[in-house]
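For the protein sequence lines, the chains are A and B, in the order given.
In terms of my numbering, the first sequence opens at residue 28 and continues consecutively.
In terms of my numbering, the second sequence opens at residue -1 and continues consecutively.
Heads up, a few of these hints could be off.
[Unchecked claim] Label-pair ranges, simulated between beta-carbon atoms: (1) A:618 <-> B:445: 43 to 49 Å; (2) A:225 <-> B:434: 40 to 46 Å; (3) A:618 <-> B:456: 39 to 45 Å; (4) B:456 <-> A:85: 19 to 25 Å.
[To be verified] Computed footprint of chain B on chain A; a stretch qualifies when at least three of its residues, placed anywhere within it, have a C-beta under 8 Å from a C-beta of chain B: (5) 291 to 299; (6) 370 to 380; (7) 414 to 426.
[Said to hold, decoys possible] Selected chain A positions facing chain B (Cβ under 10 Å, derived; list incomplete): (8) 81; (9) 85; (10) 88; (11) 92; (12) 188; (13) 200; (14) 202; (15) 451; (16) 607; (17) 609; (18) 611; (19) 615; (20) 620; (21) 621; (22) 642; (23) 647.
These are calculated hints, taken from the structure and not from any lab test.
None of the values given here were measured: they were computed from a predicted structure.
For every residue, glycine included, the Cβ atom is placed at its ideal position computed from N, Cα and C.
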Amino acid sequence: MNMSLELLLATPFIGGLLTYIGGKVHRWVRNLIAVLFSLATVGEMAMYYNTTFKGVVWGSLFGSNLVLQTNPITWLFLFIVTAISLLVIVFSIDDMKKEEDEIVLDSYYMQLLFVEGAMVGIVLAGDLITFFMFWEIMSWTSYFLIVHGGKKSMAAGYKYIIMSVIGAYAMFIAIAMLYAKTHSLVYSDVALALSQASPSFIIWTVVLLSVGFFVKAAVMPLHTWLPDAHSEAPSPVSPLLSGVLIKMGAYGLFIVFYGLLSVNLAKNIMPSVFSTPILLYIIQWLAALSIVLATFLAIMQEDAKRLLAYSSVSQIGYVVLGLATGTSLGVAGGLFHALNHAIFKGLLFLAVGAVIYRTGTRNMSELGGLVKKMPFTFTALLLGIIALAGVPPLNGFVSKWMIYEALIQKKEVFLLIMAFVGSTGAFLYVYRLIHSLFLGQLPEKYENVKDVPILMQIPIWILALSTIVYGIFPGLAMDVIVKGMKLFGFTPIAYNLFGFPEGTAMGSLTVINIAAVLMTAFVAVFIIFILFPKTRQVSQYDNYASGQELTPDFKYNYSFGFYMSFGRVIKPILSMSIERVYNYWIDAFKIFGDYYMRRIYTGNLETYNSYIVIVVTIAAAAVLLGGKLW
Amino acid sequence: MVNLANPILLIVIPLLFVFLIAFSSAFSKSAAKYLPIIAFGINVVVAMLLVPEVLKNGLVLSTTAGFKPPIAIDMIVDKLALFLVIIASVLGFVVSIYNVAYIDEEPEEKFYALFTLLITGIIWMIITGDLFNLFVAFEVTSIAAFGLVGFHRDKGSVEAGFKYLVMGAIGGSLLLVGIIMLYAATGTLNIIDVAQKSAELTFQQKFLAYALIFVGLGIEGALFPLNAWLPDAHPAAPSSVSSILSGIMTTAAIYAIIRITNIIFDYNQIYLFLMFFALLTLIFGEIAAYYQKDIKRMLAYSTIGQTGLFFFAFTIHSTNGLQGAFLQIINHSVSKSMLFLVVGAMIVQVGSRNIEDFVGLGRKMKVSSFFLAIGMFSLMGMPPFFGFWSKLKIIFAALQHSNALMIGSVVIILLMSVVEGAYFFKLLQMMFFGKAEQDREIKEASFGMLVPVVILGFILLFISFYPTPVLDFAHQAASDLMNKNYINLALKLGGL
């Protein structure tokens, strides 16, 4: 019997328990166990990488088998999950030292490994019960991680768990409906049953499942938990949440639309717009709205982690937009962007975490000029923002290009424009980020800041290198993606190590060439910049400072309200808030509920006895009416 | 040799101990503390000895006084009853251990006598095969509970006890009238006999009797709007008593409703009517719990909500639904009893029932808080805890009938689960991550109070990670009840 998948699934959970016990011995024992077990998970993942396991039954519940399975796509996601988790744990060792209560740290590492295990479980699941079970475990374990971040994080975590539970229960209804139909929730059985089901049934189940995924993937309008949760969580947790956890929503969408449903089936049962089934088309629009609106919101943030959090909403929009195109290129682009986003957003969150570690603040207007003090973190963050902005030769470029190309091929102009707007807006906010943190003027109090310890540098280095590697050699990832998509019935894309060869209908791209052109242009501009310097000497009494004497605490550059003029333009958009609508309903529920509860449970015995009389009277009336009360 | 696997021992032995406890103070002051542990320890053993018998024959039947049914009083233990008897005995045993450390108020021997009587009454209600005995057991349970609720003798307890007394007495009378009417119609009190004879009666002839029995039991079983005594009585009672009241007493009353509905009133239409009650109970219980500032009151309202949930599962009226109901009963009994015990220990340390005062307890009382969290997760139905399996079963069973009513009900249930999550997470968050303003001297609960909590916690964890036997057993019990197998079995075993 081959227990490899069970072992892969169990390793993080066992590791979590042992970590907790190890913490009782010594904190280094605990850290060592945590690192070793996450390393072991990566090792097991690497050992079986790209092996296909079909339907490993690990249990049975209510007549439905509980199954684990793999295909190339699951390996892609497993790679993201296990690798980022390992890096996060290594980063945590130094970063979380400031927490003096050791028991909190013990449970912190335990929860980290549990979240990892739950995500491994989601990806390995071969049936919907397993999937749902690990989904819920992921929700509550990650909730505990978020609330580790301090006072504000409690409100954020509360919002997160409530929204997650609502999303999960939407999925639950759909799963129960499917169970009633098939009595087996193994993916292949469900797919078979769906192919014979009525269109309305299919649409209901798919919509309900998607709601659950949208909450987790933070697709607007269900994103409201994310900016709070991701920014308030401890620094090492944010990359896990932003980089990996929200990708589970994307993975779920992929499984539902291309595993359980297929594009052909979807086209048969619903009308198509731009040769996309209408449901997918609506999802494309939601994703595009996420891209644009979240980008605008990110531009206006003053908090570095909140900026990155909104950026995550926007970037996951690209993933979902790609997945929802339904064409080979688009879906491959979406999947590849999921990987790329995990890498560069993990990198950015860790780099910002490193800055927070040294300075203790994430308010961008209080920072600046750290480039001389933390050159290494600066370089890493620079690579991260280049990747995020989608500039070749780093990894964000290729996947975004694939998504654009897919949209162009489908002639979906509006969506394409929105995607472009999001990408351009990304330049604005990433520039804001690096400028406010590293460029400009160094506040006096940060004179003694150093770069972060080596254990925190290693994860940042690894991710920074990955942005380059996956940027120049997209073929490394396309290998798995294309192989996997073939299993789901997509036409394979032609690819090579450096990009996409010419002569296919899919469009062609070689990153190296583009990068070379770009580099040449950059070098040319740089030479011009060096040759013709344009600096102006400003005397102290110039009107730059309005005649004021310049003291060291005087800011030479903008740092607060960086894009204020742009903010005025998009003000009408920013003033819309879906959160207010939610809060309105929550308040209504609270007031309404409180009012009626006080009137029913009055504490008055006479009232209570009258209830009994009423029920008996109704029963007697029913007898007089001949038992016909319904 | 005496056959220990005799249902009658389940009642006789604790009843004997009740008298022993009442007189024990004459000989030894502290004997009263430990006698209930022995009594329910024996009960657990007897219940365990019954397991193979019940699995073999499907049913164990015992009669009294050398007569044959329907004249003689008989005890019927089928799978469902056994299932509840085990829960009741184990809870009785565990909570008795808790009492040793918990109860320090005089008159102790009266408390222990009433406490033992309470659980005896509950077990009696569960295994009786006779309607009049059901009434007697009901009254025994109620009277013991009235006394225990008012045990603290402060203003709140006395008031709560009085409210409970009045409503319970009304319930008892209605139950008695209902049973009398049924007796008048059928001429017998034996449940198996009634089941056979009432089949010839028309709907109208039975309806009023059934309605009165339903209302009478519904008061004890916390069905809305008859449950108004509960949110007062559960917080006012000592925590160990709340644990029994919440964990098994309301459940026993619901069990009686399930039995009687199944025996005399198994009409499809009635289930719709009952479902209406169940959903109202669920909605009002969960929403009211959300607003509570008093932790025990919150748990009491949550009990109402959970009762609504498993009563709903029963009203789905299918084997799967019943299985879900039984699973949820186990989940609720174990988790909620454990929660009341933990909370009782915490109240002793904190000295207040106000939720605000529980801030930061997660760091001070680590073991207790851990088990509190597990119990709450299980009640919310979070995997991998047992509540997840039972909720999964209930929702699956409900959606087997894909009509608008069922889908609407499922949506309501899940919305109420969200509300439940909202108040449980609020508490957990406050306990584990909140910081108290001033540093308080709070110690971990005493060993004697921790042991029962840990026992229940491990039972919960065990059935969470190894649910298969429980799931199977619940399925068998459900199909026995659904197909009325137990009536045929009882007839075969000389039940009539």
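Comparing the hints with the structure gives:
no. : hint                        : verdict
1   : A:618 <-> B:445: 43 to 49 Å : holds, 46 Å
2   : A:225 <-> B:434: 40 to 46 Å : violated, 57 Å
3   : A:618 <-> B:456: 39 to 45 Å : holds, 43 Å
4   : B:456 <-> A:85: 19 to 25 Å  : holds, 24 Å
5   : 291 to 299                  : violated (count 0)
6   : 370 to 380                  : violated (count 0)
7   : 414 to 426                  : violated (count 0)
8   : 81                          : violated, 25 Å
9   : 85                          : violated, 13 Å
10  : 88                          : holds, 7 Å
11  : 92                          : violated, 14 Å
12  : 188                         : holds, 6 Å
13  : 200                         : holds, 6 Å
14  : 202                         : holds, 9 Å
15  : 451                         : violated, 39 Å
16  : 607                         : violated, 19 Å
17  : 609                         : violated, 13 Å
18  : 611                         : violated, 17 Å
19  : 615                         : violated, 13 Å
20  : 620                         : holds, 5 Å
21  : 621                         : holds, 6 Å
22  : 642                         : holds, 6 Å
23  : 647                         : holds, 7 Å
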